[in-house]
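Trainee: These are the residues of each chain, in order.
Number of protein chains: 2
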Amino acid sequence: MPVSVVAVLTAKPGCGSRVIDAFREVSALVHAEPGCELYAAHLEHKGDTVIMIERWATQADLDAHATGAPLARLNELNADLLVRPYDVWFLDAVPLGDSTKGVLGPGAR
Amino acid sequence: MPVSVVAVLTAKPGCGSRVIDAFREVSALVHAEPGCELYAAHLEHKGDTVIMIERWATQADLDAHATGAPLARLNELNADLLVRPYDVWFLDAVPLGDSTKGVLGPGAR
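Read top to bottom, the protein sequences are chains A and B. Going by our numbering, the residue at position 43 of the first sequence is 43; the numbering climbs one at a time, nothing skipped. Going by our numbering, the residue at position 49 of the second sequence is 1049; the numbering climbs one at a time, nothing skipped.
In case anyone wonders, no lab produced these hints; they're calculated from the structure. Predicted model, so just to flag it, every value in this text is computed and none were measured. Where is the CB? At the ideal position from N, CA and C, for every residue including glycine. The reader is advised that the hints may include incorrect statements.
[Unchecked claim] Coverage of chain A stretches by chain B, computed from C-beta distances (three or more under 8 Å per stretch; other residues unrestricted):
hint	segment
1	30 to 38
2	42 to 50
3	84 to 95
4	99 to 105
[Unchecked claim] For lysine-lysine, the following DSBU-like pairs were computed, each having C-alpha atoms within a straight-line distance of at most 35 Å:
hint	chain 1	residue 1	chain 2	residue 2
5	B	1012	A	12
6	A	12	B	1046
7	B	1046	B	1012
8	A	12	A	46
9	B	1012	A	46
10	B	1046	A	46
All chains should be modelled from the sequences, with the hints used to inform the complete structure.
Mentor: Okay, here's the thing in structure tokens:
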């Protein structure tokens, strides 16, 4: 069963774009990890919060990502940029309403 | 330009499923609002946090949603269920890496 993840990275003032740069370096590597279905970066309009929206095919795939080289490199790049550790939630999607709008899909093909 | 939204609803212990019930009532109404591209509910594995992942076609569409009847009804349903007000972030998607995994799309068609 897929696992959805939301991770909130609260960057120090002015550091949001540097956190995005860290994701720029590792995103293609994470996308190539087994079971990665979504790993999509978002930057706050007014402020320095970065939010990752992720989906992994299985819990085992997510566990492997958590101990893999791309995340270790990301953590290294972000080491001095954040106000506090990542806030992370592990979630089940709950499909409601219109199936084209109530569930996340992959992006452009 | 589309606006992405992440809203975290921290429910009182045992109340997460009732918050999902509130979204069950209003989701189809929100999906029918102009400019709603995604409005997808997620429930925490262990706990009572509900996270909505949303995308709106324009800021004006999001502004209209914020003052519309479905959100007012949702707030009414959730009035006694939450530990604190919604935590909400307004975000730009930042496409990185693989375009099928680095950007959110719509769900099943």
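Trainee: Each hint needs a verdict: does it hold in this structure or not?
Mentor: Structure-based check of each hint:
1. 30 to 38: Since three or more residues must qualify, the claim that chain B covers the segment 30 to 38 of chain A holds, with 6 doing so at under 8 Å.
2. 42 to 50: Per the Cβ count (6), the hint holds.
3. 84 to 95: holds (count 7)
4. 99 to 105: It holds, with 7 qualifying residues against the three required.
5. B:1012 - A:12: Judged against 35 Å, a Cα distance of about 30 Å means the pair holds.
6. A:12 - B:1046: holds (29 Å)
7. B:1046 - B:1012: Holds, because 13 Å separates the two Cα atoms, which is no more than 35 Å.
8. A:12 - A:46: Holds, because 13 Å separates the two Cα atoms, which is no more than 35 Å.
9. B:1012 - A:46: With a Cα-Cα distance of about 29 Å, the restraint between residue 1012 of chain B and residue 46 of chain A holds, given a limit of 35 Å.
10. B:1046 - A:46: Judged against 35 Å, a Cα distance of about 31 Å means the pair holds.
Consistency with the previously given hints is maintained throughout, with no hint failing.
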